[in-house]
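> One letter stands for each residue in the lines below.
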Amino acid sequence: MASILTYTFRNLPNTSKLALGFSVRPLSCSSQLRAAPVAQTKSKKTLAKANIRNVVVVDGVRIPFLLSGTSYKDLMPHDLARAALSGLLHRTNVPKDVVDYIIFGTVIQEVKTSNVAREAALGAGFSDKTPAHTVTMACISSNQAMTTGFGLIASGQSDVIVAGGVELMSDIPIRHSRKMRKMLLDLNKAKTLGQRLALISKFRLNFLSPELPAVAEFSTNETMGHSADRLAAAFSVSRLEQDEYALRSHSLAKKAQDEGLLSDVVPFKVPGKDTVTKDNGIRPSSLDQMAKLKPAFVKPYGTVTAANSSFLTDGASAMLIMAEEKALALGYKPKAYLRDFVYVSQDPKDQLLLGPSYATPKVLEKAGLTMNDIDAFEFHEAFSGQILANFKAMDSDWFAQNYMGRKTKVGLPPLEKFNTWGGSLSLGHPFGATGCRLVMAAANRLRKEGGQYGLVAACAAGGQGHAMIVEAYPK
Amino acid sequence: MVASRAIGSLSRFTASRTFRCTGYICRNFTGSSALRTRTHVNYRVKGDVAVVRINSPNSKVNTLNKELQSEFVEVMNEIWASDQIRSAVLISSKPGCFIAGADINMLGACKTADEVRQLSQEGQRMFEKLEKSTKPIVAAINGSCFGGGLELAIACQYRVATKDKKTVLGVPEVLLGILPGAGGTQRLPSMVGLPAAFDMMLTGRNIRADRAKKMGLVDQLVDPLGPGLKPPEERTIEYLEEVAVTFAKGLADKKISPKRDKGLVEKLTSYAMNIPFVRQQVYKKVEEKVQKQTKGLYPAPLKIIDVVKTGIEQGKDAGYLSESQKFGELAMTRESKALMGLYHGQVTCKKNKFGTPQKEVKHLAVLGAGLMGAGIAQVSVDKGLKTILKDATLTGLGRGQQQVLKGLNDKVKKKALTSFERDFIFSNLTGQLDYQGFEKADMVIEAVFEDLSLKHRVLKEVEAVIPAHCIFASNTSALPINEIAAVSKRPEKVIGMHYFSPVDKMQLLEIITTEKTSKDTTASAVAVGLKQGKVIIVVKDGPGFYTTRCLAPMMSEVIRILQEGVDPKKLDSLTTGFGFPVGAATLVDEVGVDVAKHVAEDLGKAFGERFGGGSLELLKQMVSKGFLGRKSGKGFYIYQEGVKNKSLNSDMDSILESLKVPPKPDVSSDEDVQYRLVTRFVNEAALCLQEGILATPTEGDIGAVFGLGFPPCLGGPFRFVDLYGAQKVVDRLRKYEAAYGKQFTPCQLLIDHANSSTKKFYQ
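Listed in order, the protein sequences are those of chains A and B. Position 229 of the first sequence, counted from 1, bears residue number 229 in UniProt numbering, the numbering being contiguous throughout. Position 82 of the second sequence, counted from 1, bears residue number 82 in UniProt numbering, the numbering being contiguous throughout.
It cannot be assumed that every hint is accurate.
Said to hold, decoys possible - Computed cross-link-like contacts, BS3-like style, restricted to lysine-lysine with a CA-CA straight-line distance of at most 27 angstroms:
#	chain 1	residue 1	chain 2	residue 2
1	B	620	B	742
2	B	165	A	179
3	A	409	B	230
4	A	299	B	230
5	B	132	B	285
6	B	213	A	299
7	A	182	B	415
8	B	165	B	440
9	B	411	A	349
10	B	505	B	415
These are calculated hints, taken from the structure and not from any lab test. Predicted, not measured: the structure shown is a model, and the values here were computed from it.
The whole structure should be built from the sequences, with the hints applied where relevant.
In structure tokens form, the structure reads like this:
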């Protein structure tokens with residue numbers, strides 16, 4: 001394992017520069033790791049709690065995450081969710097009738113399938129006796145699906161849950177304008193020809209201008225990219241740092257893909273098209289080329305560009321989670337425990353994307369762990385600038401004291417344990433589906449590289465955030 | 001102290017430098033030796049960009065005073081002389097203020113027009129050098145950028161501004177009776193186009209950053225930042241500087257053009273403005289409009305038009321010359337002195353001279369959801385005060401809530417608020433019919449009907465439920481506060497807060513203290529008023545306090561004049577012609593005939609003959625016929641929804657006819673009619689000062705102008721006496737006294753002032 005890590009570093013010429021930006025810790029850490037891998041002593045042997053049922057992840061899958069407008073563009077969201085569910089069935093061979101409940105997360109809803117969980121479950125061949133509901137919480141929607149399932153299991157209401165998420169950004173509901181809608185609805189109610197004609201006579205050409213789903217935060221009217229740019233500026237994150245981080249994400253993802261580490265990906269035979277087998281947004285470029293891009297949001301002097309932001313993505317993910325005893329009774333060897341989790345929220349204007357900074361210390365304290373106990377960090381990468389701003393926030397005593405009500409800083413996650421198989425910047429970010437990917441990446445990394453605890457954290461629109469501890473299932 | 005400040009800031013700059021500038025080699029510190037001697041303006045060199053920081057010591061704002069100007073010139077000369085500097089950035093170190101304008105006291109100190117002209121010319125020369133600078137200069141604007149500050153900014157090659165709510169640009173000189181005298185009249189038209197430039201200079205309008213960007217007044221916007229590794233305000237200024245430095249470099253390297261892409265409409269306008277005929281039409285139109293609005297009482301707007309015209313038609317040199325000459329002339333006018341006096345008065349009345357209250361008011365309760373009550377709630381919720389609006393009936397309450405919501409909605413339409421902010425603000429308001437939650441109230445303002453027994457009932461009910469520290473304020477226009485407080489268990493907590501309708505538009509708040517009102521109660525009431533954005537005068541209790549008491553005799557005279565056969569329309573034009581924003585007859589309709597009658601009766605009883613003149617019978621008959629003014633649709637005029645030109649109420653003819661009195665020819669000329677009204681007002685105001693109702697003439701002037709619409713060009717009753725001459729005022733009063741008697745007898749204070757040429761209300 002240690003050799004893999006050192007390889008990672010040698011393979012990334014830019015990391016050293018980047019590392020300088022934060023601290024020299026990553027490098028010294030890696031040498032330590034080489035001397036004594038995994039055998040670190042943990043604050044706690046396990047996070048099992050006396051009176052609560054253990055919740056385990058049996059396995060989880062996702063269909064390849066694709067740039068929107070590519071192979072999935074003619075499908076509907078429930079088609080993607082269906083594919084993920086079929087993949088999960090195939091991977092786990094779970095008997096359909098043992099599944100108690102299905103929960104999916106999604107952000108931009110297709111109005112025809114507003115409860116996309118139910119439509120996808122039926123289409124994927126699950127029992128029509130298994131209820132399903134859909135949750136939404138921006139980029140942490142599938143995290144919400146998982147933790148909802150967690151609650152049902154831990155409280156003894158259910159034993160077997162399928163949780164997942166889906167997003168199709170290739171097609172979004174564009175509506176008629178309110179005026180047009182009003183006219184159409186009134187026309188429906190009109191009884192006589194005269195009434196109809198009177199209504200139609202009120203028609204104006206501007207009724208036809210369409211209404212797009214808001215990409216901006218409702219409360220502040222600011223797009224997320226714009227907010228990310230301001231956040232990066234507030235923490236003095238330079239364009240170069242952001243480009244370097246994005247390059248790291250793409251390089252690591254490419255390596256993980258090439259080495260076959262992304263084992264959660266299941267192939268998807270797209271109707272009428274070829275079978276898709278891998279993510280298509282991973283594109284390691286060069287710093288020079290990235291430097292040529294113009295800022296995408298704060299023009300002309302901003303620092304957030306298309307290359308250092310996550311791209312619009314289509315994709316779906318699904319996970320099978322169970323009460324531990326049920327999984328064992330069914331003969332499964334679970335991959336990981338789901339442990340403590342927290343949701344946080346803060347000012348949606350100036351701290352929109354700082355969720356991980358707030359959630360990380362909170363979940364660690366709740367679990368009784370420290371940063372040193374964590375072997376695998378999986379943070380959602382919305383923007384390079386967002387990740388780096390979170391790093392700086394976590395590394396700042398001033399920020400901790402003035403905004404988080406803490407005496408000292410949270411501390412930096414060591415880079416060699418951080419998103420080592422790529423992240424949302426490179427793998428893609430189908431809003432509703434990313435949470436499950438993060439948890440599976442943490443679980444799979446712990447299995448592959450050794451280590452006991454993983455920490456998943458993400459930010460979401462509305463100034464919200466989430467973090468969860470994943471504990472490796474003993475081999 | 002100053003030196004330590006400078007050193008403190010020096011160390012801070014150095015610290016931040018090393019933090020940010022790891023990328024390139026530091027080779028600066030040329031300015032460091034000068035740092036020790038300069039107090040207002042300093043600069044550092046970053047690479048090849050000089051960052052000039054403006055920071056006047058011991059002040060919240062930067063003003064272009066003499067020291068600042070001379071230091072600025074010194075600094076700029078060093079920058080121009082330096083070989084290593086290729087461009088410069090001008091920035092203020094003060095959060096919330098770039099440069100608030102020229103130093104008004106500097107103008108006030110000038111004795112002659114010539115001195116003022118020289119000041120203007122110095123400014124012109126300085127800014128011309130900036131404009132012609134071969135090294136590009138970028139103004140980085142965060143916070144207020146007014147008058148001379150904006151003139152400085154537009155002389156630079158490029159402007160970057162923060163998109164903060166505090167970043168506001170404008171040339172408010174016209175509001176002080178002067179004109180932008182440092183090249184503003186010449187540069188603005190070419191920068192934003194003639195129509196927009198006229199609009200800015202003739203209205204003195206505040207322009208928010210995003211609007212300024214659209215107009216072409218600034219070239220780039222920078223969004224304010226949230227918390228990072230430093231307090232947001234500090235980091236925002238730093239970020240603004242970083243961005244401005246990038247642009248300064250870009251300009252020096254010719255990678256960025258200072259020229260702006262104009263939109264189609266703008267191109268067409270500027271094309272049209274190239275045609276002399278079109279320009280002439282514009283001048284004519286604007287002049288007509290100004291004449292109509294100012295009635296020729298304000299000289300500044302016309303001179304502004306004249307100066308702009310000279311610059312465009314006869315070239316820049318003539319323009320600059322005309323600008324400085326007219327600037328000097330205007331600064332010496334009475335109108336300008338009056339307006340500047342008002343400005344100073346306003347500043348004084350925006351301070352709490354009673355100190356910080358022991359307990360900050362956070363929870364407010366307003367009784368009565370009528371026009372006033374809802375208005376008070378409206379100006380409170382948007383400042384973050386948790387406000388309970390209580391009424392006796394659900395319909396009344398609903399109307400009040402709707403009024404608050406409408407006020408907020410109007411702001412959303414004007415883009416001063418987002419719809420989300422509106423919702424958030426509106427959540428501060430609780431509407432209810434009972435006294436639930438009053439146990440948490442820090443202050444209760446009652447705005448129930450003007451009836452003493454009702455106010456007594458309400459006071460007793462409220463005192464039963466509020467906590468011990470809670471203040472009871474009464475919003476009344478005439479009922480003496482000590483009479484209201486008579487039934488209170490804790491009269492030291494009772495105070496009067498007289499708001500003016502419409503509350504969200506009228507700036508004045510008259511606070512009335514009784515003998516028993518405690519100082520802390522007063523401090524608290526002033527603090528709340530200031531929070532609500534009001535200009536505040538604090539007066540002693542008495543019938544009609546100050547404002548109503550001054551208005552009453554004038555209103556009585558209005559009735560007499562109408563009885564003497566002057567048509568309401570003619571009376572209106574006479575009063576507006578004198579500078580009142582609303583005609584006298586219209587004012588009665590606006591106030592409400594029943595209210596006027598009520599007040600006239602009450603004060604008539606209290607003050608006797610002095611408040612006589614017109615016959616109360618007129619008001620009584622109007623009330624009995626239901627002519628209550630605007631609220632009932634009929635008064636002296638007829639009011640109809642959607643009809644702009646109101647017509648006279650012909651039903652009034654018979655009433656006026658029946659009460660007609662013969663006019664006295666030697667005091668009935670147009671001018672006499674105007675002065676009969678004004679001198680009675682002024683005399684009563686002076687009496688208020690003489691009797692100690694008013695503490696200072698300043699408060700008297702502010703109250704009269706901002707609460708009652710006394711002509712701003714006269715500066716208020718006391719300024720008017722100073723500028724017009726106390727002797728002349730007394731002479732007028734004596735003349736009218738001879739015709740009408742006691743109502744015009746000048747008060748002792750005025751006579752004293754008339755007898756001594758050195759006695760002035762303002763020294």
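> Checking against the hints above, which ones are violated?
Violated: hints 2, 5 and 8.
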